[in-house]
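**Student:** Residues per chain, in single letters:
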Amino acid sequence: MAKEYKYDIAVVGAGPAGYVAAIRAAQLGLSATVIEKDRVGGVCLNWGCIPSKAIIHQAGIFSRTEELRGMGVAVDPSGFDYESVYKKSRAAADRLSKGVSYLLKKNNVPVLKGYAAIKDGNTLLINDKQELTARNIILATGSSPRELPAFKFDEKLILSSYGMLNLKKLPQKITILGGGAIGLEFAYILCAFGSEVTIVEMLDRLLPVTDREISNALLQDFKRKKIKTHLSARATGYKKAGNGIELLFEEGGKESSVTSDVLLVAVGRAPNSKNIGLEEAGIQIVKGFIGSGDHYRTNLKSVFAVGDVINTPLLAHLASKEGEVAVEAIKGLPVGPRVKSGEIPYGVYCEPQVAGFGLTEDEVKESGTDYQKAVFPYRAAGKAVATGDIYGMVKLLFNPKSKEILGAHIFGADATEIIHELLLAKKAELLPEDIATMIHAHPTMSETLMETARMAEGWAIHI
Amino acid sequence: MAEFIRMTALSPTMDEGTVQKWNVGVNDTISTGDVICEVETDKANMDYEAEDEGVLLEILVEEGGSARVGDPIAIIGEKGEDISALKQQAKQQSEAESEKQAASAAGQADKAAAGGEAAGEAAAGTGRGQKPAPAQAAPQEAGQPQPVPGAASRETAAGTTGAAATVPPQGTVSGGGKPVTTRERIKISPLANRIAAQNRINIAAVRGSGPGGRIIKRDIEKIILGQTQAGTTAPITGAGGISDMETPVSQKRAVIARRLAQSKFSAPHYYLTVEVLMDELLASRELMGQDDPQGKLALNTFLIKLAAEAIKKHPLVNATWLGDKILTHGSIDIGLAVDHEDGLVVPVVRNCGARGMREIDTDLRALIVKAREGKLSLVDMEGATFTISNLGSFGIDRFTAIINPPGSAILAVGKINKRPWVNRENTIEIKQVCALTLSCDHRVLDGAAGARFLAELKNIIEQPLRALL
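Protein sequences appear in the order of chains A and B.
FYI, the working numbering numbers position 127 of the first sequence as 127, with every residue one higher than the one before it.
FYI, the working numbering numbers position 267 of the second sequence as 267, with every residue one higher than the one before it.
It is possible that some hints are incorrect.
Unchecked claim - Calculated cross-link-like contacts (lysine-lysine; reagent style DSSO-like; alpha-carbon spacing at most 27 Å):
hint: 1; chain 1: A; residue 1: Lys373; chain 2: B; residue 2: Lys217
hint: 2; chain 1: A; residue 1: Lys401; chain 2: B; residue 2: Lys91
hint: 3; chain 1: B; residue 1: Lys187; chain 2: A; residue 2: Lys401
hint: 4; chain 1: A; residue 1: Lys340; chain 2: B; residue 2: Lys217
hint: 5; chain 1: B; residue 1: Lys187; chain 2: B; residue 2: Lys91
hint: 6; chain 1: B; residue 1: Lys217; chain 2: A; residue 2: Lys427
hint: 7; chain 1: B; residue 1: Lys415; chain 2: B; residue 2: Lys431
Source of the hints: derived by calculation from the structure; they are not laboratory data.
This is chain A alone, in the form it adopts within the complex:
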């Protein structure tokens, strides 16, 4: 006789991985609960994707005041109050968090407030006292801003992305350590609101995750926006400078520094794998991440781990997908072992945006596969010219023989939206020809995709 468990599935963490897993479990007729120490929705919804997008949207409006002036509209920015921007971002986060709470309730998934630690493969200890049993446990504890030992977050002078999103007043000058997605989005926001922005990045280009050609275009655009960038620059420390902070770094073998009101440290995120009983329960930890195999199962058969706490790209949409895969595997549905790495999209929400999936050109070269590329500039698309969004390009990498799409990267307006057409093509194994011959409405940004595909086929019309 099997042991009786309180739930089929207990999920630790109600972020994009956890709450989606719990709802999916409920949909599949499994009893599920979620344990959350903070707010439902996780970092994404409360302190990440969502509030930052609310701010970015407003930054976009603000940055377009120049265009209003061009129409003869006098804009007086003197009354600008960043706190109202902040409040709007909080309103969006609150609303969505409530939405998720509602969804969980609707699906009869109880949310337990508190800290959970894993005791064994079927038992969680809630708030160090209450035991909760489940046939399967899904760990979805997420991640936190990575802290550098030399730059401890005080959220006053040295900010994490969390602190940044909680600012109610804009700094005049800001230095951003890290040219990844988070750093770039804040650079864009602050620049759009008129702050002086300096980026210090250790690698030789911005947004190392994307294709080098896209990185270069992005760098050009940042230069146009008067965002200062120091690449291949290694931060060595800081000094307090009046009310501000002076970041010390080495660039090209020379000591250098930049002084600003605040320093944002955005050098990635670290998995939340501490103090949740992993070592005690005997769950394997690899470089701080929870080790996981097929269907995101840990070395304990009944325990799964999904989202930022495992070593896959730290993306909310991937986390949700992983949660679904794990639950579907628990249910016994036929589901692929892991999300295919070539089918995970990324998006960066500076303007112009960056989005893509699959291999970059450097990666294709390294893999030794034969490839060709098609690169179509935004400026050749009617819609982009009409709206003034001419800075951008679509880059498609494909196998010249099979025409298989190997990767796609877009820099430009609406990139994070239009990328999905190419991603669908990739997933459904469509060929550039299929996109090339599909009618795209005119004028749209999506036409750039059609033209890129036509380039791959050797017959782009508008270039």
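We have chain A; now place chain B onto it with these hints.
**Tutor:** Below, chain B without anything else, positioned relative to chain A:
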């Protein structure tokens, strides 16, 4: 209904042929067996004999042009028929080389489809029992051409998957609800379709693992991987270690399939069996071998020679059905079915009626060496007027064989077994007995004619001196 005349393998190793000369023109009426054109193969210039009857409606490959085996070279049908669809199809096929190859493969598979069983039987007839490849019914459009820049491409693009999904208007549905047509809709991703075409994989035989059973890249790659790892065979699915295997059809197998299917389905076969005492013949063979510095003659040499002697007395056995006439051959050219790793080959020993056994034996040994090495030329294999298939060495007691065209009869020779035998004195002695089964084309040989020949052969084998009568 109009259909393509396709380039066929006029030599065993031929992949492609060049049309040297058309002997017929558009609107000419063609009968089966007419030499419609001359084709230069990798071996020699060959006559292309029509397999169908009708009116030549279109020449697709002009003189000097070449076509891969399976590619259309002309269109045959009824006078005044609308052939625009076929012309369009042919045009598309010729537009992309790689897809053209695939079309060829698919074409072969298509032809082989009807003869799947016969091919299996033929293989068994040479002791190579091999399951016929599953589902040869490849739509010929399986590897449709794809990328053509410009406006034309739109049509083609639709055709890429659309053509494979075509169910012809005549497509009927049987009582069981299963389409009778071989052209069922095949769900396949464009990428998988393209890779399959490039690797000449028959998608009709592939099981899809994508959404809704769609064939995706992974399925095709598994087959390609299987091919490179295990030669020609490849697992399609791997559930629980039991997997289906797909074996791409080689040119040679396609020819075997086509020829034997044609024989089995067009020639009404009947079978006659006798048991023959082999003691005399075997003893003679031993004796002759002892005194001969060149060694013993092959048993098959005896069978060939004695069959030729029997044929001399029953010349109709050495004949070919030509539809409106029967051709009785002057020379008795006897083919011997030989097992080869690529499949059955039938080298032919010429003029066995007029030549002695030593000559026949020398020829036969040379041919078998060539056969085993895969070096038989077309000349070595064509035009057997009679064929012998001997599976005795495989331990087969008796079997029936499929007639090897253009012959009208084939002799299936079983194993020589020691058996208790009731002799003329009504006592029992141990005799060496062999079952001979003659397959005859009833269009040429009636039962009694076949029986008379077989009785003659039995007599000659049992008392070889009778050959001199």
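**Student:** Give a verdict on every hint.
**Tutor:** Hints and how they fare:
At roughly 21 Å between alpha-carbon atoms, Lys373 of chain A and Lys217 of chain B fall within 27 Å of each other, so this suggested pair holds. This hinted pair checks out: Lys401 of chain A and Lys91 of chain B have alpha carbons roughly 22 Å apart, not beyond 27 Å. Between the alpha carbons of Lys187 of chain B and Lys401 of chain A the distance comes to roughly 22 Å, so the proposed pair stays at or under 27 Å and holds. Distance restraint check for Lys340 of chain A and Lys217 of chain B: the Cα-Cα separation of roughly 14 Å lies within the 27 Å cut-off, and the hinted pair is therefore satisfied.
Distance check on the hinted pair: Lys187 of chain B and Lys91 of chain B sit about 25 Å apart at the alpha-carbon level, within 27 Å; holds. Under the criterion of a C-alpha separation no larger than 27 Å, the hint pairing Lys217 of chain B with Lys427 of chain A is consistent with the structure, at around 11 Å. Restraint check for Lys415 of chain B and Lys431 of chain B: satisfied, since their Cα atoms lie roughly 13 Å apart, inside the 27 Å limit.
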